[in-house]
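J.: Residue numbers (our numbering), protein chains in the order written: chain A, 1 to 111; chain B, 112 to 226.
Hints were generated in silico from the structure; no laboratory data involved.
Here a beta-carbon is modelled for each residue, glycine too, at the ideal position from N, C-alpha and C.
Keep in mind that the hints are not guaranteed to be accurate.
With beta-carbon atoms standing in for the labels, derived distance ranges [unchecked claim]:
1) A:Ala-111 / B:Pro-150: 20 to 30 Å
2) B:Arg-222 / A:Thr-67: 16 to 26 Å
3) B:Leu-138 / A:Ala-111: 45 to 55 Å
4) A:Leu-75 / B:Leu-138: 26 to 36 Å
5) B:Thr-224 / A:Thr-67: 34 to 44 Å
6) B:Asn-212 / A:Lys-26: 13 to 23 Å
7) A:Ser-94 / B:Asp-149: 27 to 37 Å
8) A:Glu-15 / B:Lys-168: 27 to 37 Å
Each chain is listed here by its residues.
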Amino acid sequence: SQQGEEDPQALSIQEGENATMNCSYKTSINNLQWYRQNSGRGLVHLILIRSNEREKHSGRLRVTLDTSKKSSSLLITASRAADTASYFCATTTSGTYKYIFGTGTRLKVLA
Amino acid sequence: DGGITQSPKYLFRKEGQNVTLSCEQNLNHDAMYWYRQDPGQGLRLIYYSQIVNDFQKGDIAEGYSVSREKKESFPLTVTSAQKNPTAFYLCASSIPYDGLNTEAFFGQGTRLTVV
């Protein structure tokens, strides 16, 4: 069963605006990761946040993690047309060596 | 350059045929994974392998088979028992240490279509 559920399923914004997408998961995790997928391509890792961390930044990306609510959010600031892609969260759990992905958010940034 | 190579990029299968998707990595990663992605959907885990000569079923293993005879290679066979194989297949690898606090690296995918 899929661990993560992303919200919204699709998001359309103007260039320069911020984009926020959310991920909820069901069980205790080791870490939560965000990936990006351009249409018809493989996934590319963006950022990893461990279960004992609450916030992490990487360039224009900001990720938060609330383990009490079993949720995470990804904020992309000052979005660009090149940010148009699908974004997925993935979780890993102690005792297993697999990444469980969510359903994804399709982001469209209009120039 | 290090990376994961999936081949072919496009594959057409007649009903009743088995087909094998190739996945090769030169990242020296122990763990490898196969995921299926349907249009507009997330990734679902088919099989994964933590080490050579060992692999485990994921959430949707029925109708698929794998082998892991070499560290670099993790081929996926889609058998005739898989009733709806048309999908985008993604292979990934990672270093399975530290509770998997590492990223997964993905190939560019194989798009399989049943004709």
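J.: Hint by hint, say whether it matches the structure.
T.: Verification of the hints:
1. At about 25 Å, the beta-carbon gap between Ala-111 of chain A and Pro-150 of chain B stays in the expected band of 20 to 30 Å.
2. In this structure the hint that Arg-222 of chain B and Thr-67 of chain A lie 16 to 26 Å apart at CB is violated, the actual value being about 37 Å.
3. Checking the proposed 45 to 55 Å range against Leu-138 of chain B and Ala-111 of chain A shows it is violated: the Cβ atoms sit about 36 Å from each other.
4. A hinted range of 26 to 36 Å holds for the C-beta pair Leu-75 of chain A and Leu-138 of chain B, which are about 30 Å apart.
5. Distance hint check: the CB atoms of Thr-224 of chain B and Thr-67 of chain A are about 41 Å apart, consistent with the given range 34 to 44 Å.
6. Between Asn-212 of chain B and Lys-26 of chain A, the C-beta spacing of about 20 Å keeps the proposed range 13 to 23 Å intact.
7. For Ser-94 of chain A paired with Asp-149 of chain B, a C-beta distance near 29 Å keeps the hint of 27 to 37 Å intact.
8. Here the CB-CB span from Glu-15 of chain A to Lys-168 of chain B is close to 44 Å, at odds with the stated 27 to 37 Å.
Of the numbered hints stated above, those contradicted by the structure are hints 2, 3, 8, listed in ascending order.
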